[in-house]
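Enquirer: As a plain string of letters, each chain reads:
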Amino acid sequence: MAVTALSAAESKRLSPRLRKLEDERWLAMALLAPTAILLGLFIAYPFFEGVLLSLSSARVGDPGHFVGLKNFYKIWDDSIFRTTVWNTFWYTGVTTVFKLALGLWLAILLNRHFKGKAIIRAFILLPFIIPTVLSTFAWKWMFDPTFSVINWTLFQLGLITTRINWLGDPDLAMTSIIIINIWRGVPFFAITLLAGLQTISPELHEAAAIDGARPWARFWHVTWPLLMPVTLVVVLFSVIQTFADFQLVYVMTGGGPANATHLFATYAYQLGIGTGLLSEGAAISLAMFPFLFVIVVVQLLYIRRVETR
Amino acid sequence: MAEVSLHKLNKKFDTTHVVKDVDLQIRDKEFMVFVGPSGCGKTTTLRMIAGLEAITTGEIRIDDRVVNEVPPMDRDIAMVFQNYALYPHMSVASNLAFGLKMRKFEKAEIEKRINNAASILGIESLLQRKPRQLSGGQRQRVALGRAIVRDPKVFLFDEPLSNLDAKLRVQMRVELKKLHERLAVTSVYVTHDQVEAMTLGDRVVVMKDGLVQQVGEPLELYNTPANRFVAGFIGSPAMNFADVTLVENGGKPLAEAEGLRIGLPGELATRARAKTGHKATLGIRPEDIHIATAADAPEYCFEAAVEVVEQLGSEILLDMRVGPALMVASVEPTLRVRAHDKLKLALKPERLHLFDAETEAAI
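Residue numbers (my numbering), protein chains in the order written: chain A, 4 to 312; chain B, 4 to 366.
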């Protein structure tokens, strides 16, 4: 009784507008509003603008008009777009496999006890911390046809006699950007997987050792399955980021040579901003959406399955 | 047949010396309990037997075979961990099967052993569950089952009951005892709980600061503790201690302190006589103190002021002040007594203990 009396007395002192907040529905809305506004303004609105743009004939200096799916038919017949789709999948697939393998290997090494552990762990993150554009410029120098330090080293070691034109050859250019992406992405995998490894009780490894499991069997039967939820989340993040990568390719090759290294983002940029075909650029950006959507849904479903088992 | 012997066993972590010169013979089929406060080296000793911790110096033999360099999987031991260490992603059945699969047992044999262990432990209905769907007691059983299916030479237990609630702990203690009688496998059991040590152990090793304090059967430790530490560690409520001076009065040795003047009987008197004039610690267990009656000789009586009365139902614990010393007495539950009462108490002379004030060894 005393409590009700007190709260009644307190609410009397509040203004009518504030008193509304005592109702949980109003309070919930008030608390959600800032997030909803931000998401709406910066994600939902641009997305729908993008959809409208892709369905129009807009170009720089011409707002255009509604043309339906014309832009999509057009890019469907575009051989560069097909190369772009293939490139994006190849780039994402290869880098993810290598990032996972190397990251896991590094994480397992870093999970051991050794002197200077903390410093090494911090150092490992460097490629991830340096702004991508800066580190990519450094790589560009290393792959430069004339000044390449890689060529110089191989030459001095007697492994090659002529310069390798890293960024001038379509296949080599793709391989080069894949190498850089792996270099940049491994630390994220390593540190996240390391965090995952540290949640696995050492007692489980000891129990498995007593149970007769040799190191490889311990990894396969204990570490790997227990690390799976973390692994899936890291892979998911990485796939999304790599699929939509832009900076690296833009700085290294700009999509060249001869459009051989375009990804969705760089081709959309080249067509939309570079050439001024805003609507086609938007269509290419949007074409990324269904692919990513399927990948993400599949992975999320799998993560949920792993986590509830 | 499996004996375990530890010979001059030492373990150092960097500069800390955690296990010091441990010598021990664990007999075939014996249930040996290591007990001591945390940090006494008992778990480290167990882990050295398991092969999970390298030996700094000394030797461990299992059945006359030196196992110092033998990896855990080849020592033919099974271990039950404090936190059970069940593989969380495997069902109970797979947890039990894991050790056998790793050892390439036939499928039929694995199934037979799992069913056998499950029926011994009463966990047949849980075989398809995951560890997180089990209660603490059930997990404990699965952890035991994983050890049983292996049919090892030696069982190692690392504080297996410490994560269970008090009631379950008592129940599992009884089951462990029965299990050991049934399986008759040499067992080494580590605990910090002296009640567990006393009830489970065929013999008990009391450790402190890496040193073995005493090895003996439970009642031996209770009746004739080797030093003050063992005397205080074994028994609940703990033994009372009073700092006394050994004196002689008319040829009769006495232990004297403020508010206390106790005669020393029989053999204790003989041993105490050699230390006349020295400081010592007098020890008497709460259950060996009672309300004085006319039958009690005055030299075994003393006065005490009651400070707290603890009614436990089956007994009453009196927290009392005797001179400067605090003592606890366990008396009949029918006694009517209140705080601040002054009482005359007597002790059983044959149950007196004396410890050297410096070495703390029993006199």
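Calculated directly from the structure, the hints in this document are not laboratory data.
Hints should not be assumed to be uniformly reliable.
Beta-carbon label-pair distances, calculated as ranges [claimed, not checked]:
1. B:Pro91 x A:Gly53: 42 to 48 angstroms
2. B:Thr18 x A:Pro228: 22 to 28 angstroms
3. A:Pro228 x B:Ser317: 47 to 53 angstroms
Every value quoted in this text rests on a predicted model; they were computed, and no experiment measured them.
We put the beta carbon where it would ideally sit given N, CA and C, even for glycine.
Enquirer: Using the beta carbons of Thr18 (chain B) and Pro228 (chain A), state whether their distance is inside 22 to 28 angstroms or not.
Expert: violated, 39 angstroms
Enquirer: Range hint 47 to 53 angstroms: satisfied by the CB atoms of Pro228 (chain A) and Ser317 (chain B)?
Expert: Hint holds: Cβ distance 51 angstroms, inside 47 to 53 angstroms.
Enquirer: Note whether the CB distance of Pro91 (chain B) and Gly53 (chain A) lies within 42 to 48 angstroms or breaks it.
Expert: For Pro91 (chain B) and Gly53 (chain A) the Cβ distance comes to about 44 angstroms; the hint holds.
Hint violations for this structure: number 2 only, all remaining hints satisfied.
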